[in-house]
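Based on these hints, arrange chain B on the given structure of chain A.
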Amino acid sequence: MSTHKESARPGLLGGGQAKQKLLAFASLIALIAVFTVLKPDAFMNRDNIIGILQSTTVIGVLAIASTFIIITSGIDLSVGVLMTFCAVMAGVFMVNLGIPMPLGIVLAIGMGCVCGALSGLAITKLKVPPFIATLGMMMLLKGASLIITNTRPIYFSDVEGFDQIALGSLIGDLIPALPIPNGVLIMFLVAVVCAVVLNKTALGRYTFALGSNEEAVRLSGVNVDRWKVIIYTFAGGICGISGLLIASRLNSAQPALGQGYELDAIAAVVIGGTSLSGGVGTILGTIIGAFIMSVLINGLRIMSVAQEWQMVLTGLIIILAVYTDNLRRNKK
Amino acid sequence: MNAKRQLLALTAGLALAGFSSFATAQEIYIPLISKGFQHQFWQAVKQGADQAAKDYKVKVTFEGPETEQQVDKQIDMLSAALAKKPAAIGFAALDSKAAIPLLKKAQAAKIPVIAFDSGVDSDIVLTTAQTDSKAAAALAADKMAEKIGGEGEVAVIGHDQTSTTGTGRRDGFVDQIKAKYPKIKVVDIQYGGGDHLKSAEIAKTLTQAYPKLKGIFGTNEGSAIGAGKGLKEAKKSGVVIIGFDSGKAQKDMINDGTIAGAITQNPVGIGYKTVEAAVKALKGEKLPKIIDTGFYYYDKTNMKDAKIAAVLYD
Chain A
10 MSTHKESARP GLLGGGQAKQ KLLAFASLIA LIAVFTVLKP DAFMNRDNII
60 GILQSTTVIG VLAIASTFII ITSGIDLSVG VLMTFCAVMA GVFMVNLGIP
110 MPLGIVLAIG MGCVCGALSG LAITKLKVPP FIATLGMMML LKGASLIITN
160 TRPIYFSDVE GFDQIALGSL IGDLIPALPI PNGVLIMFLV AVVCAVVLNK
210 TALGRYTFAL GSNEEAVRLS GVNVDRWKVI IYTFAGGICG ISGLLIASRL
260 NSAQPALGQG YELDAIAAVV IGGTSLSGGV GTILGTIIGA FIMSVLINGL
310 RIMSVAQEWQ MVLTGLIIIL AVYTDNLRRN KK
Chain B
24 MNAKRQLLAL TAGLALAGFS SFATAQEIYI PLISKGFQHQ FWQAVKQGAD
74 QAAKDYKVKV TFEGPETEQQ VDKQIDMLSA ALAKKPAAIG FAALDSKAAI
124 PLLKKAQAAK IPVIAFDSGV DSDIVLTTAQ TDSKAAAALA ADKMAEKIGG
174 EGEVAVIGHD QTSTTGTGRR DGFVDQIKAK YPKIKVVDIQ YGGGDHLKSA
224 EIAKTLTQAY PKLKGIFGTN EGSAIGAGKG LKEAKKSGVV IIGFDSGKAQ
274 KDMINDGTIA GAITQNPVGI GYKTVEAAVK ALKGEKLPKI IDTGFYYYDK
324 TNMKDAKIAA VLYD
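Chain order of the listed sequences is A and B. Residues 10 to 341, numbered by my numbering, are exactly what the first sequence covers, in order. Residues 24 to 337, numbered by my numbering, are exactly what the second sequence covers, in order.
Same shape as in the complex, but just chain A:
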């Protein structure tokens, strides 16, 4: 497919996919415009905008992790539960074992990497398809989180400053009128770093290459298995960051949470123009996709649309988004 070849070497902003992102971005702006017109006071006010930004952080970071996996034409069903597992492990390290916060953070992200690596190994060494390997991982980690916590949330109340990771506001300290929570900054920071990794490093090049034509990469002498494990490890670490964000936001690790979040993440990824068949995708697109989801849900809430209808509309938007993406591609 021509699109695959073309996007195997995108620029920092995704080159050939600029149009798709433009379309996604235009949809986002259109959504915001509609809600602003309909509910100018409640929707377009500072606190609500900050609420939207904040509600995007966790899914946004998870979606970034999923973007890497999906570009390799894999899928990771365990991201939501892995996020929870990392939150739980952060609690174990910092609350139960009393490890200082900076080290606890590194260890929690490390746990994400370890779990990602395990999924990667199951896929490459045991030859279990990604869907199954990560499905197994999802169940395994969900159980592990419940066992470790004895099914009770771990509270971070005694870890000084932990809630500041997501809820504090460095910007607000400088500009009091703009209390954008740190969690939002972290999401954008993760996005920028990941965009660079995806487009400017060997890891990124192989992510695209594996999704475009794994066999060709293998035949050219590249250790495909090794790169796959590295990519899953990297994505696992990103899930760890997401785990810290949600734990900080809730000031607790909720062991039963997380299942279903992988689907929200996947939705954000595909709305952002990443193809489930692999080889195509951008981080910017994913972030826009995540915002489309959260703006839509927030806006419908502000409009007091009944919840059943919120779901119907969200579903329609997802299908519509991918349909327009297909249209654009077929035109080429």
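Derived by calculation from the structure, the hints in this document are not laboratory data. Where is the CB? At the ideal position from N, CA and C, for every residue including glycine. Watch out, some of these pointers could steer you wrong.
[What the hints assert, rightly or not] Some chain A residues near chain B, calculated using beta-carbon distances under 10 Å:
{"no.": "1", "residue": "Gln63"}
{"no.": "2", "residue": "Ser82"}
{"no.": "3", "residue": "Pro162"}
{"no.": "4", "residue": "Asp167"}
{"no.": "5", "residue": "Glu169"}
{"no.": "6", "residue": "Gly170"}
{"no.": "7", "residue": "Asn208"}
{"no.": "8", "residue": "Thr210"}
{"no.": "9", "residue": "Ile255"}
{"no.": "10", "residue": "Tyr270"}
{"no.": "11", "residue": "Ser303"}
Chain B alone, transformed into the frame defined by chain A:
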């Protein structure tokens, strides 16, 4: 063409906006953020809230996350509700500690917060309209003991290991058995997430693992119905099921004898009292710390009584 369409959309939007601002301008708006919305129980709470909204001439909306684990999504809902600058808020916290920062915001904005279904560990909430879970489950234990003759093995199929209703009902039942019925032994506690199918599988496994099992307590609608289905499928008779809440399937099973009886809360009352308390708070009336919305045991014999029938839902 395109411009025309845009103009049309804009006009429609403006018209809608005009309409909605007109509608809200003269109404007292009270959003209820619940723990769920799909479950029949929450629909009954909503029904009560809608009734109160009608009686007190206020506007009520009702929202809750898809599962009772999605603490962060519930917080997003609370945040959006606050953005609408409501007169008061009804809130059934999934994790009360996690919601404190937003509740503080509500307090700062002088928006009264009424908790319902389960409490919030904070004096920000003016009152809590709820069922005493432990006392309700203790009544289930008494009824279980009565039905199995005061001795033997029983098991619990719980709906959730983390929420206060999940743990409260489990502990209320187990503690009562331990304290009052030394000859009854709780041999197993399993969790089916309130899912009919999972709970049915658990019930079947329990009868395999404990052939002498005499009773099962299902801690919510799905758990009880699942227990009934499981026993039916296993063709196992003589095991007493005590359920919780109502719903058509559970009521049918009580009528045909699969389930001996169940504890019902008063979900319609919970919804009604929440909105009523919010209205009272807006008028500056003083509220008690807890509004006990009550619970009853019901079975085939008293299901049709006016007092019981009023709180059962389909």
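Results of checking the hints against the structure:
Here the hint on A/Gln63 is kept, as its CB sits about 8 Å from the closest CB of chain B, short of 10 Å. Against a cut-off of 10 Å between C-beta atoms, the interface hint on A/Ser82 is violated, since the closest Cβ of chain B lies about 29 Å away. Nearest Cβ of chain B to the Cβ of A/Pro162: about 6 Å, under the 10 Å cut. The hint holds. Interface restraint check for A/Asp167: the shortest CB-CB distance to chain B comes to about 13 Å, outside 10 Å, so the restraint is violated.
Here the hint on A/Glu169 is broken, as its CB sits about 16 Å from the closest CB of chain B, past 10 Å. The closest approach between the C-beta of A/Gly170 and any C-beta of chain B is roughly 15 Å, which is over the 10 Å cut-off, so the hint fails. At a threshold of 10 Å, the smallest CB-CB gap from A/Asn208 to chain B is about 31 Å, leaving the interface hint violated. With 10 Å as the threshold, the beta carbon of A/Thr210 stays out of range of chain B, its nearest partner Cβ sitting at about 32 Å, so the hint is violated.
Interface restraint check for A/Ile255: the shortest CB-CB distance to chain B comes to about 6 Å, inside 10 Å, so the restraint holds. For A/Tyr270, the interface hint holds, since its Cβ comes within 10 Å of a Cβ in chain B; the closest pair sits about 9 Å apart. Look at A/Ser303: its Cβ gets to within about 8 Å of chain B, closer than 10 Å, so that hint holds up.
The structure shown violates the earlier hints numbered 2, 4, 5, 6, 7 and 8.
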